[in-house]
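Enquirer: Below, each chain spelled out in residue letters.
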Amino acid sequence: MQPMPHQVMGYDRAITMFSPDGRLLQVEYAKKTVRLGNTAIGITCKDGVLLVTDKRIVDKLVVADAIEKIFLIDDHIIATAAGILSDARVLVEKAQNKAQENRVTFDSPIDTLTVVKDMCSLKQLCTQSGGLRPFGVSLLVAGIDEDGTKLFLTDPTGLYYQYRAAVIGEGEADIQETLHKEYKESMSVKDALALAAKAIKNFLGENFEPQRIDAAYIDAQTKTMKKISQEEINAAVK
Amino acid sequence: MQPMPHQVMGYDRAITMFSPDGRLLQVEYAKKTVRLGNTAIGITCKDGVLLVTDKRIVDKLVVADAIEKIFLIDDHIIATAAGILSDARVLVEKAQNKAQENRVTFDSPIDTLTVVKDMCSLKQLCTQSGGLRPFGVSLLVAGIDEDGTKLFLTDPTGLYYQYRAAVIGEGEADIQETLHKEYKESMSVKDALALAAKAIKNFLGENFEPQRIDAAYIDAQTKTMKKISQEEINAAVK
Amino acid sequence: MQPMPHQVMGYDRAITMFSPDGRLLQVEYAKKTVRLGNTAIGITCKDGVLLVTDKRIVDKLVVADAIEKIFLIDDHIIATAAGILSDARVLVEKAQNKAQENRVTFDSPIDTLTVVKDMCSLKQLCTQSGGLRPFGVSLLVAGIDEDGTKLFLTDPTGLYYQYRAAVIGEGEADIQETLHKEYKESMSVKDALALAAKAIKNFLGENFEPQRIDAAYIDAQTKTMKKISQEEINAAVK
Amino acid sequence: MQPMPHQVMGYDRAITMFSPDGRLLQVEYAKKTVRLGNTAIGITCKDGVLLVTDKRIVDKLVVADAIEKIFLIDDHIIATAAGILSDARVLVEKAQNKAQENRVTFDSPIDTLTVVKDMCSLKQLCTQSGGLRPFGVSLLVAGIDEDGTKLFLTDPTGLYYQYRAAVIGEGEADIQETLHKEYKESMSVKDALALAAKAIKNFLGENFEPQRIDAAYIDAQTKTMKKISQEEINAAVK
Amino acid sequence: MQPMPHQVMGYDRAITMFSPDGRLLQVEYAKKTVRLGNTAIGITCKDGVLLVTDKRIVDKLVVADAIEKIFLIDDHIIATAAGILSDARVLVEKAQNKAQENRVTFDSPIDTLTVVKDMCSLKQLCTQSGGLRPFGVSLLVAGIDEDGTKLFLTDPTGLYYQYRAAVIGEGEADIQETLHKEYKESMSVKDALALAAKAIKNFLGENFEPQRIDAAYIDAQTKTMKKISQEEINAAVK
Amino acid sequence: MQPMPHQVMGYDRAITMFSPDGRLLQVEYAKKTVRLGNTAIGITCKDGVLLVTDKRIVDKLVVADAIEKIFLIDDHIIATAAGILSDARVLVEKAQNKAQENRVTFDSPIDTLTVVKDMCSLKQLCTQSGGLRPFGVSLLVAGIDEDGTKLFLTDPTGLYYQYRAAVIGEGEADIQETLHKEYKESMSVKDALALAAKAIKNFLGENFEPQRIDAAYIDAQTKTMKKISQEEINAAVK
Amino acid sequence: MQPMPHQVMGYDRAITMFSPDGRLLQVEYAKKTVRLGNTAIGITCKDGVLLVTDKRIVDKLVVADAIEKIFLIDDHIIATAAGILSDARVLVEKAQNKAQENRVTFDSPIDTLTVVKDMCSLKQLCTQSGGLRPFGVSLLVAGIDEDGTKLFLTDPTGLYYQYRAAVIGEGEADIQETLHKEYKESMSVKDALALAAKAIKNFLGENFEPQRIDAAYIDAQTKTMKKISQEEINAAVK
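Same order as they appear, the protein sequences are chains A, B, C, D, E, F and G. Quick note on numbering: this note's numbering labels position 131 of the first sequence as 131, and the sequence is numbered without any gaps. Add 1000 to the 1-based position in the second sequence for this note's numbering, that's all there is to it. Add 2000 to the 1-based position in the third sequence for this note's numbering, that's all there is to it. Add 3000 to the 1-based position in the fourth sequence for this note's numbering, that's all there is to it. Add 4000 to the 1-based position in the fifth sequence for this note's numbering, that's all there is to it. Add 5000 to the 1-based position in the sixth sequence for this note's numbering, that's all there is to it. Add 6000 to the 1-based position in the seventh sequence for this note's numbering, that's all there is to it.
Keep in mind that the hints were calculated from the coordinates and are not lab data. Predicted model, so just to flag it, every value in this text is computed and none were measured. Ideal Cβ positions, reconstructed from N, Cα and C, are used throughout, including at glycine. You may find that some hints are simply not true.
[To be verified] Quick look at which bits of chain G chain E covers, simulated, 3 or more residues with Cβ under 8 angstroms:
1. 6032-6039
2. 6086-6099
3. 6191-6205
[Unchecked claim] Capping the alpha-carbon separation at 16 angstroms, the derived lysine to aspartate or glutamate pairs in EDC-like fashion look like this:
4. E/Lys4060 x C/Glu2185
5. C/Lys2060 x B/Glu1182
6. F/Lys5060 x G/Glu6185
7. C/Lys2031 x B/Asp1021
8. E/Lys4031 x C/Asp2021
9. D/Lys3184 x D/Asp3047
10. B/Lys1094 x A/Asp118
11. D/Lys3098 x D/Asp3111
12. B/Lys1060 x A/Glu185
13. D/Lys3181 x A/Asp59
14. E/Lys4181 x G/Asp6059
15. C/Lys2184 x E/Asp4059
[Unchecked claim] Across the chosen pairs, the derived CB separations fall in these ranges:
16. A/Ser108 x D/Glu3146: 28 to 38 angstroms
17. E/Ser4121 x G/Ser6186: 37 to 47 angstroms
18. C/Glu2232 x E/Gly4010: 57 to 67 angstroms
19. A/His180 x E/Gly4010: 48 to 58 angstroms
20. D/Gln3221 x A/Glu185: 47 to 57 angstroms
21. D/Glu3093 x G/Ser6186: 52 to 62 angstroms
The whole structure should be built from the sequences, with the hints applied where relevant.
Expert: Next comes the structure, spelled out in C-alpha cells:
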C-alpha cells in the first residue's frame, strides 16, 4: 500500500476524478473530516429513539442552551451531526423545508426515510458534479413514523443505513465496540442515555465534563421531541 | 504494456480526454470501482428472474432488513448494483420516476429495455461532458414484460447487454465461470438461488455468512417481486 | 516525424487546442478508438444495401439476438458502428427522433443524407466546444430513398462520404483491400453477404465463429429492413 | 505537524478541495484574515447588549463620525465585524434587506437568530461552491427580541454560536481571557463599556487613543440602538 | 526569430491569450491547417465566377459525384473550402439558412458580401471566446449579385478580401504565382478552368488524375450554378 | 518578511484564493495599480467641495478640454479617479444611471453615500467572484446633499471612508502629509485650489506644467458643478 | 527592470490577473498587436475630418476598391483601425447598429462621443472578464456632430482621447513627431492629405506605393463621407 504516489499524481485534487484504483479521494478526505468531528450517538429504544452528542464547548461565555447540536427536522424527527457543522445546517434546513412542504401538500407527517433519501441525493450530487465539494459531514437522523422507530446514518458519499444503535465522529471505533457489547433492543431511553454518556465519558477521559453532553429523544408515545435536562444527564453520568 | 507513462502525461485526469491509444482512462477507473464492489448475480429462470447480492454487512446494530441492495423500479422490474451505491440510487430513483410517468402517460407498465436505455443515456453523458464524473456503478436490471423475461447488465460506459445469467462486482471472473458451467435455461428460481448462493459462498470462503445474502425475484406468473426470506436463503446455502 | 514532443507540450490535452502543425490531436485519438472497434462493413447492391458487423461476443450467457449492433433508424434506414458503442447509441437515438419528427412534420420518410448531416453537425460541435469530448465512434448509415440506394460513412471529425462499399473498425486496411478487389455494383445482397463474411473470417482467423456475425439489409423492393438469419450467415460463411 | 507539504501539494488552492487530513485550507486562511482584523467586542448586559470596536483610524482628515464600524441591521439589531470590511458590508446589506422584508411581509420585527442563520447560509455556500472565495470576515450580531437579549458570533465557515460576551479580531486571545475573568451577567452597559474599553486599551498599549473606540448598544427598554458619545468613551477609558 | 520559447511558455495553449509579441498563436496554427488542406481555386471571369477544387479522393468505392466539395449557398452563391471540412460544413449550413431567411424576409436574393460578413463574425468570435477553438478552415465564396461578380476569401481569423482570382490550401504559394502571371479579367469560364486545372496538375505532378478535380461556376447570364462535367474537366486538362 | 515564496506558490494567481497569511494578493496588486495612477486630490471647503487632478497629458494634438478626468455623476455629485481609467468609466457610468433612476423613481436627487455604496458593492463582488478581476481603480466622489458636503474615497477592495481632504494615486504619501499640515475646515474653494495645485507642483517638480491640472467643484450655494478655468488654475499655481 | 520573471511566473497568462507591479500584461500584449498593425492617421481640418490608412496590399488579384479599411458608421461618422482587423469589424458593426438604433429611436444622428463610449465599454469588459481576450485593435473614429468636428482614438484598454491629429499602428512614433511639427488647425483636408501621405511615404521608404493609401473624410459642409480617389492620392503624394 503506497498512498503517496496517487496524491503526487493529483488524483485527489477534484471530485470529478477517479484514482487508477477506482477511488474518489476527495470523498475519502471528507470522511476523514467526519472522523475528526464531535462524537454523536443514536440509540433506538423500546420507548423512543435517543440522540446524544458531545457539544465540545465548555465556555461559560457561550450560551450553552443555545448550541444547536440536535436539530428538530419535524415534530417526530431529529438529527445530529459530526464533521463540518455549517454543512450540516444546510442539509438540516433543506430537510426542515421538505418536511414542512410534506405537511402542507399531503396533510401528513413526512416519513423519516424520505427525509434521509432526499438528503442523500444532494450529498451524492456533491460527489459527482465539479464546482462543488462533497459535504464534510455525517448525520444521524432519528424519527418515529407510523410504522415504527427509525435511526439512519448518512455519510459524505450519500450512503445511508438503518441502525439499531450507531456512532459517528471522534472515538467512533471505541464506542462502536461498546455499543456492540452493551446495546439491547429492550433498553429504555433512560438506559440508553446512561450507556451513551458512559461511552463518551470513557472516550474523553479527563477532558470529560457532564456539561459537554447534549441529548434529546423522540418519545414513542407522543411522537414528539423531549430535551433531556442537564440534571438528567448529570444523573446518567454517575 | 507500460500503463505508467499515460498516467504521468495526465491522460487520466479528465473524462473529456482520450489517451493517444484512444482510451478513456477515467471511465476505465470507474469500471475498476465496480470490480471492487459487492458481488451481485442475476439469473433468468423458467418461472421468473432472480437477483442475488452480497450485502457485505454483518453488523447486528444495522437493521439488515432495511438494507436496500435490491431496488424495486416498478411492480415488474427490480435492479441491483455493484460499485458506488449512492450513484446506483440516483440511477434507480430516475428509473422509478420514469416508470411511474409511463404508467400515468400511457396507462401501461414500462418496458424493461426502455428503463435500461434511459439509464444508459445518462451514464453515457457522464463519460462525455466535463464537470461530471462517470457513474462508478454497474447494475443488473431484471424484469418480466409482455414479451418475456429480461435481464440486463449496464456498465459505467453506458453499455448494456441482455444476459441469461450475469455477475458483477467482486469475484466476477470466478463466478462467471461457475455460471457458464452450471447455468441451464430450464432452471427454476429455487435452483438458481442455490447456484448463486453457492457461487458467492465459494468465492467468500470463510468470510461467508448466510446473513450476507439478499435475494428477490420477479415471479413469472404474477409479474411482481417476491422477496426471498432468510430461511429460504439458509436452506439454499446448504 | 517526432510525435512525442507535441504530447509532452500538452497539445493533445483538449479539443479546443491546435498543435503547432495544425492538428487536433484529441480528434485523432478518437479515430484511434474507432480503429480498435469491432469490424463493420457496408455494401450497396443491386437489390438493396447490406450492413455486416462483428458482434465480438460469443458468450452463451448473453442473449445474442438482443445484441443491438445494427440499429433501425427509420423503416428505410439502418446503421452500424465501430468504436465506443454507447456513443453510437446517443447518435442513433437522436437520428431516430429526427426521422420520426420528419414523418410527423412532413408526412414523408426522411432522406438518408439528412440523417447523416444532422449526425455530423453534432459530431463537429464536439470537436470544437470545450467541456465535451469528440464522439469516439464511426458509423455506417445505409438507406434507400426515393432517388436510390445510399451508404454513408461518418467519422469522429463529423466528416462523411458516400460509398459503394465501406469498412470501419478493426482490420479496416485488410478488408478495404478485399472490397477493392472483389466489389462489383452488380452484386446481389446474397453475394455481398458472402464477400463480407469471408473478409471478416479471413481477418479474424482462428478467432472467427459464424455466431459473431450480425447482418441486415434494406430491401430495394420493400424499402424496409430484413434481418439475416444465423442459418443464412452460416451458409454464407461456407 | 508539518503544514508545508500540504501547501506544496496544492490542497490550499481552492475551496472545493479537502486536504488529505480532511481540512478546508482556504477557509482556514480566511479565518486568519479575521484574526488580523480590528478588535471587536460584544457584551450582553442586564440593561442592553453592547458592541465596542476599534476603528483603527486616527486621521483628522477622515470624518470619524462617518466610519461605519457598527452597522444598524434593524431598529433592534446591530452588528460589527473583524476581517475584510467590504465583505462585511455585503452581508450587512443583505441582512438589512431581509429585516425590511420581514417587517413588510409579517408586520413584525425579525428575530436576531433568523438574521444570523441567513447570513451563515451564504457564508457556508462560499465554502462549498467553486468560483467564489469564502467571506473573510467574522461578525458579532447583537439584538433584543421579544424573548430577550442576544449576541451571536458568525465565522467564515458559516458557523455561529450565541455568547454572553465575545471578542473577534486582533488580540482575541488576550481579551477573551479578560472577559472570562471579569464578565458578569449583572453588568450594566456602562460597566461593560468600561470593561471593553480597558481590554482594548491594554491590548493596544501605547498605540491606544480613546478616539479609536466606537461603541453602541441596543437599549433593553426601548429596544433601539443608542450610540455612545466620545465623551462617554473618554470617561469609560479612565 | 526563436519561436520555441513562446511555445514552452504556453502562449499557444488558448485562444484567449496573446503572446508577448502580440500574436494569437492558436489562430496561426489554425491557418497552418488550412495550408495543409486540399487546393481550391476561385476565378472571376467575364461570363461568370468559377470554383475549382481538388477532391483528393480517387477511390472507386467512394461515390465521387456525391463528394460535396463545392457547396451551393443560394441559387447565385457557391463556396469551397480548404482545411477542416466538417468545420466548413457548419459555416456553409449557417450561410444557407441565412440566405433562405433573406429570401423569406425581404423577398430578394442575399448579397454575397452579407453572407461573407456573417460567416466572418462567427469566425472572429471563435478567436476571442474561451471554450471554443478557431475554425480551421478558409473558404472561397463566389456569387453574382445585382451589382456584379464577386469572389471572397475568408480565413480562420475572420478576415475577408475580395479577389479577382484566389487560391487556398496546399500549393497556395506556387499556384498564386501562376495566377499572377496568367490571370486576365477578359478570361471566359472555359479559359479559367483550363488555367486552374493546369495549375493543380503542375502542383500535384504524378499524383494528378483528372478525376480529382471538381468544378462549378455561377453563370453570369442565368445567375445560377452550373456543374462542370468530368468530360469538360478531362478536356480542360489536356 | 519574505513575499517571494507566496508568489512562487501561486497564491497570487486568482482572486478566489487567500494566501496562508489571509491576504488577497490580486487585490493588493490592484491597489498597486492605483498608486501608479495619476494624482487626484479632493478637499471639502466652507463654500463647496473641490476635486483637482493631474491630466498627465501635455500633447497639443490632444484636445485638452475634452479629457474627462473629472466626471459629472449627477448635478450635485462629481468624481475623479486614479488607476485604470477605463475601469473608472464603467463605475461612473453605472453611477450616472443609478442617479438618473433615483430622480425618475423618487423625484429627488440621489444621496452621495448611496452612489458610493452602490459602487463599492460592485467592487467587492469583483474581489470575490472568479472569472472577473478586481477593479484597478480608486475614486474620489464629492457631492453636496441636503445634509451637507461629502467627500468619499473608494478603493479596489470596495472599502470607502468619508474624508475632509484626501489624495489618491502617484505621490499619495507626500501630498497626504501636506494636506495634514495645511488643511483647514474654514478653507474656501479658492484656498483649497491653491493648496492642491501647490502640492501637485511640488511632487511633479520640473515635470509640472499648469496645463496638466484639471479642477472642478460642487458649489455649496447652487449645489451644482463649476469647472475651474485654466486662468484660475494658472493664478492658483503662482 | 526585469520583465522576464513575471512571464515565467505566469502573470501574463490571463486577463483576470494583475502582475505584482499592478500591470495587466495580456492587455499590454494586445497593444503590441496594435503597434504591429497597418498605419492609420486621422486629422481634423477646418473643412472636415480626414482618415488616411495604409492598405498594405498591392496585389493585382485583390479588388483594391473593395478593401474595407475605412468603415462608415453613420452618414457623419467614419472609422479606421490598426491591429486585428476582424476584431475591428466586430466593433464597427456594433457601432453601425447602435447608430441606426439611435436614428430610429430619437430620429436624430448619434453623437460621435456616444459611439466611442459604447465601443470602449465593450473593450473594457474584455479586459476584465475571464473567458474572453482583449480586443487587439485601436480605432480612430472621426465624425462631425452638431457641435463640431471630432476625432477620437480608442485603445485595447477601452481608453479614449479626443485628438486634433493622431496616428496608430506601425511607425506611430515617427509619424507622431511629424504631426507635432507640421499639423495646423487651419489646414484644409487637401493639406492634411498631403501631410499624411508624405508621412506614410517617409516611413515606408522604398516599400511605398501610392496604391497602398486609402483615404476618406467627413465634409464639414454636407456632414457626409467623401472617398478620396486614387488620382487625388497620387497628386497628394507628389
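Enquirer: Now look at each hint and say whether the structure bears it out.
Expert: Consistency of the hints with the structure:
Three residues within the 8 angstroms Cβ limit are the bar, and the stretch 6032-6039 of chain G against chain E gives 5, so the coverage statement holds. Proximity of the stretch 6086-6099 of chain G to chain E, defined as three or more residues with a beta carbon under 8 angstroms from a beta carbon of that chain, is established by the 5 residues found. Counting residues of the stretch 6191-6205 of chain G whose C-beta sits closer than 8 angstroms to any C-beta of chain E gives 0, which falls short of three, so the coverage hint is violated. A C-alpha spacing of about 11 angstroms is found between E/Lys4060 and C/Glu2185, which places the hinted pair at or below 16 angstroms, so the restraint holds.
Note on C/Lys2060 and B/Glu1182: the hinted pairing holds, with a Cα-Cα distance of about 12 angstroms set against a maximum of 16 angstroms. Pair hint F/Lys5060 plus G/Glu6185 holds up; C-alpha atoms about 11 angstroms apart against a cutoff of 16 angstroms. Proposed proximity of C/Lys2031 and B/Asp1021 is supported: the alpha carbons are some 9 angstroms apart, at most 16 angstroms. Distance hint between E/Lys4031 and C/Asp2021 is fulfilled; the C-alpha atoms sit about 9 angstroms from each other, no more than 16 angstroms.
With a C-alpha separation of about 13 angstroms, the suggested pair D/Lys3184 and D/Asp3047 falls inside the 16 angstroms cut-off, and the hint holds. The suggested pairing of B/Lys1094 with A/Asp118 holds, with an alpha-carbon distance near 13 angstroms, which does not exceed 16 angstroms. Taking the CA atoms of D/Lys3098 and D/Asp3111, the gap is about 11 angstroms. The hint holds against a cut of 16 angstroms. A hinted pair counts as satisfied when its Cα atoms are at most 16 angstroms apart, and B/Lys1060 with A/Glu185 qualifies at roughly 11 angstroms.
The suggested pairing of D/Lys3181 with A/Asp59 holds, with an alpha-carbon distance near 12 angstroms, which does not exceed 16 angstroms. With a C-alpha separation of about 12 angstroms, the suggested pair E/Lys4181 and G/Asp6059 falls inside the 16 angstroms cut-off, and the hint holds. For the proposed pair C/Lys2184 and E/Asp4059, the alpha carbon gap of about 14 angstroms is at most 16 angstroms, so the pair holds. For A/Ser108 paired with D/Glu3146, a C-beta distance near 32 angstroms keeps the hint of 28 to 38 angstroms intact.
Range check, E/Ser4121 to G/Ser6186: about 42 angstroms between beta-carbon atoms, so the 37 to 47 angstroms window is met. Between C/Glu2232 and E/Gly4010 the beta carbon distance is about 59 angstroms. The supplied range of 57 to 67 angstroms therefore holds. A hinted range of 48 to 58 angstroms holds for the C-beta pair A/His180 and E/Gly4010, which are about 57 angstroms apart. Distance hint for D/Gln3221 and A/Glu185: a CB-CB separation of about 56 angstroms, consistent with the stated range 47 to 57 angstroms.
Taken as a hint, the range 52 to 62 angstroms holds for the pair D/Glu3093 and G/Ser6186, whose Cβ atoms sit roughly 57 angstroms apart.
In the structure shown, a violation is registered for the earlier hint numbered 3 alone.
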